[in-house]
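Put the two chains together into one complex; each comes in its own frame, and the hints tell you how they fit.
Read off the chains here:
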Amino acid sequence: MKDMTVEATLPGSNCRQKVAAWAGGRGGFMKTAWLKKLMTVPNILFVALVCLQFLPDRRTDESAVLYQLLIGLLGASYLVYAHLGRGNERVQTAGDLLSLVFVSLGTWQLLTVKLDVLDKMLFPSPALVLDLFIKETPAALKGAAGSLEILLVGYGAALLTAVPLGLVSGWVGRLKRTATPITRVLGPVPPTVYIPYAIVMLPTFKLSSMFVIFIGAFWPVFINTLNGVHTIEGRLIDSARVLKLGSRTMITKVIFPGTLPSIITGATIGLAMSFILLTAAEMIGATSGLGWWVKYISDFADYPRVIVGILYAGVVVTVIMFGFDKAEKHLLRWRR
Amino acid sequence: MDTRGIIFDRVSLSYGRQLILENIVLSIDEGEFVCLLGPSGAGKSSLMRLLAGLAAPSSGEVSINGERVAGPGLDRGIVFQDYTLFPWMSAGENIVLALRQAFPHQLGWQLREVAEEFLDLVGLDQAFHKLPSHMSGGMRQRAAIARAFAVNPPILLMDEPFGAVDAVTRAKLQDLLLQLWQREGSERPKTVVFVTHDVDEAMILASKVVVIGMNPGRVKEVRTIDIPRPRVRRELYRNDRFQLLRNHLIELLQEDVMSELSSDRTVCPPGDGI
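In order, the protein sequences belong to chains A and B. Residue numbers for the first sequence, in our numbering: 1 to 336. Residue numbers for the second sequence, in our numbering: 1 to 274.
Simulated from the structure, these hints should not be mistaken for lab results. Be aware that a few hints might be false.
[What the hints assert, rightly or not] Once the Cα atoms are required to be at most 20 angstroms apart in a straight line, the calculated EDC-like pairs of lysine to aspartate or glutamate come out as:
1. 244(A) - 93(B)
2. 244(A) - 67(B)
3. 253(A) - 82(B)
4. 172(B) - 235(B)
5. 253(A) - 93(B)
[What the hints assert, rightly or not] Partial selection, computed: residues in chain A whose CB lies under 7 angstroms from chain B:
6. 149
7. 153
8. 181
9. 233
10. 235
11. 236
12. 239
13. 241
14. 242
15. 244
16. 334
Idealized CB from N, CA, C, for every residue including glycine.
Isolated chain B, as found in the complex (with noise of 0.2 angstroms):
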């Protein structure tokens, strides 16, 4: 049995009274870019902060190449929508902070060496001494995936990293996210594991996504997405196949949104989880 990568064996969560996910049932291959799509609210978040150690199951069981997650590891970064960096730390302290912890045989002034170095990587070259404060949103999101990626994990949680950016900046990160996940792939490939509710922001990015229904949040669908890299945008929306897909993710979607609206119970406006 190949126990590498990372299994949910019917897990279930919930708060109180209240059921989170009900038997979730998944497996990510190593070297996997899997995207978790659903609607705001499904329990994607819940799964990462499983994933990550934050939570435990109420039943059932996340394991890790075999072993059972049981708190945070170093073998798993995380980058959220925004707080990810300390505020009261500039970009470079920060990542200094993480590396630290990461290599704690390591010298001051190397640990900065690597720091600047991923800032570069990143395109924040003078950005080493700024607070995230004094940032945008995009280049703290970099600032985060730097952090994140100078730890060098072999496993990375990224839960709506993009959420809070404008398109532009979005498709750029984007970018830059996959350039890093394909520029390790000499040695171990990473895991990705990607949190979004943006149809095309799955299906650029993933080599697999996987559809979280709501009420309670399980998974409805697994699908793989088999469109060569580099995918490139703009021939992206004239391919019939990526179409024909997007079409069917969507749908998916909406089944959802609409029972929401359907039962009534909140008023979502239309398009919101899409």
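Chain A with its partners taken away, still in its complex shape (with noise of 0.2 angstroms):
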């Protein structure tokens, strides 16, 4: 494609050779050009998936009308995309997902609704599931609006504590080393094992699971919090000294934006913890929230509901961390 634009740039007839010699030889520039342009992996790949929705089923599929429409939006937007922003390396990346995409699912179609080789309660279609999650919508906004109230309650109590006490213990030496051997102790117990103890000592099992998340999240923020203080550049430091800047004025203007990258690189492996102690603890002994509707979906053997409940649990986890890298590249947007 750059070859292209290069030499049809050059004036004269020597250009001209050139095209033609690129194109392939006599006539049909044009033709083949386009044809080439189209020729590229995740294409041919469109074009394989839907050949092979003409295959006869072998397992009754009664809800593929949604799952073909949905496969066909997908190739029209990349052919779309493909041709407004051309040459990039974001269409190719583009390219290269909807590639996984489409053999994953042709994959899946093929061994389940076409083959059927796959066990029918175990491996539903893609097209079922896709029917399910939809229909499955309030039920499963429901359950990650249950979900999310605990995480957020647990997880922000966890920051709320955790980053101001890490922030005072990092900065006043005697409190640092008091503080730094209670965190060997305290902070490699898995927070799991909390869960039994805090469903029987708390009164309602929405505070338990609070209380495991805060446990989770509140370690790896704290450490990270406490041993961040030590990482401000030295001279830094000397300079605020040189300032005689008070010591609240030092913690909130000084300590706390220096230690932002420790801070964010503890609060982001306390999140993914709230996230694992959280289904964890529904699936013990919750009466609402995505995780106690995935065990409780299971318990009836519905699998595709099952596949469905998992899909929408990445869909919220990778909302939260979309939302959380925005945060973090605006609070640290000050680094180079």
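Dropping the structure here:
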């Protein structure tokens, strides 16, 4: 493609020759170029996937129309996207990802509906999963809202306590020397071991889940904050001391922003920990939430819906992590 | 006895067993521009930290206007080679933060106005909202100087402030510094203590050069630079007195480098530390 644009700008007969040679000999230059442009991996796979739809089903699959529409939509939007931003890296990445999606969907469909070599109950067709994914939106959203409430309170409480405590303990030498051995002992305790005790100790299940998430997120945030204070460039601290900043200004304007990169590292670990703990706790004793929903459905051996639940969990986590990344970029924009 | 100015009275400093500074005796008058000249690792920066109150001498005493230095104070501003500005604040916010400590009773908008004024003064009139990471090294040092001058301390400590910028920017910053130093001439003149390992820089800036020898750090020689100001670089190099003094200072520095090389404990590339 690059060659074409370069050669086409050259004047004279020499250019014509080269273009003709590039286009593969006599005539049909335009036609060939267009075809060649369309012969990309995602497009070829798209065509293959479309062809797959015409193969006879071995398993009844009544909800296939929606699935086929989705494939059509994916293929079409890629074509438009590739046309608009031709040649850049993003299009390439999108194409690679889409190829992977098409291959997975095709294999999945082939092994379930078309060949029916996999167990029907454990391996539903992609069309059925998509159908359920849409139908179960209200139930999943309700579950996600319940889960998010617990997550927000537990994780939020961990951030609100661990960051100030970590900053002060990291800054005051005596506190740091006391806090470090405590973190060495309590930090590595796997938070899941608190779950049974928390359920018995606290009055409601919700509270105990919040507590477990709080504990799970607290230590990584606290430890990273505590140690992060000492990663601040020494001359910046000197600079602040020479300005005679009061302790409060020192902590809020220098120590906190200087430690922020470490805090965010800790917060990321804490968040990942929270997700794991949330679903683990919900599967043990909850009556609402996404994790509970998946567990509840699997008790009925309704595996298509279990897959839908897993997909929803993925969507929720992706959305949260996306927001988290945006926040991180904004907060650390002062770094090169 | 005149007690105005800075006095180092038999000051020694050691970290553990290592002796960094030995028996420093030095007096700096009010309003002087003093350059501490010496090879890298001679302890110039340690001397500066003692003066800033960021470190305490192992023996002896540092005093300013007759009072012992016990810690940092708003009477001393400091500019380092890098990392003087807080990178998470814009240039303007950096200056406002410093001003807020020095003038706690002023309102926010007043401080911002002063900050704008000093950014203007160093030629950074558009940089109030710029983050240090989005500025060049020269711009960052301008902003750091603006911050130091905005607080208006009687003493300014500068630890190789122009060490990381290119030659042209460096010359411009030197001129700017002299201009600011002399601007305050009407009231009490500022005392500037300036660390450098560059002989030319010392000779263009200083009214007095203190040559620091190494292993351990000690005062080797104190020289008054009585070349009249303004010192024009192009003319200086044709000035015999300047050349003589320059050669003398370079020789003093070379001695240390040579003995360092001959003792062969550390391999340092020739020219480093001059």
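Going through the hints against the structure:
1. 244(A) - 93(B): With Cα atoms ~16 angstroms apart, residue 244(A) and residue 93(B) stay inside 20 angstroms; holds.
2. 244(A) - 67(B): holds (18 angstroms)
3. 253(A) - 82(B): holds (19 angstroms)
4. 172(B) - 235(B): holds (17 angstroms)
5. 253(A) - 93(B): holds (11 angstroms)
6. 149: violated (33 angstroms)
7. 153: violated (29 angstroms)
8. 181: Result: violated, 26 angstroms to nearest chain B Cβ.
9. 233: holds (5 angstroms)
10. 235: holds (4 angstroms)
11. 236: holds (5 angstroms)
12. 239: Since the shortest Cβ distance to chain B is 5 angstroms, the answer is holds.
13. 241: Constraint on residue 241(A) satisfied, holds at 5 angstroms.
14. 242: Since chain B brings a Cβ to about 5 angstroms from residue 242(A), closer than 7 angstroms, the hint holds.
15. 244: holds (5 angstroms)
16. 334: holds (4 angstroms)
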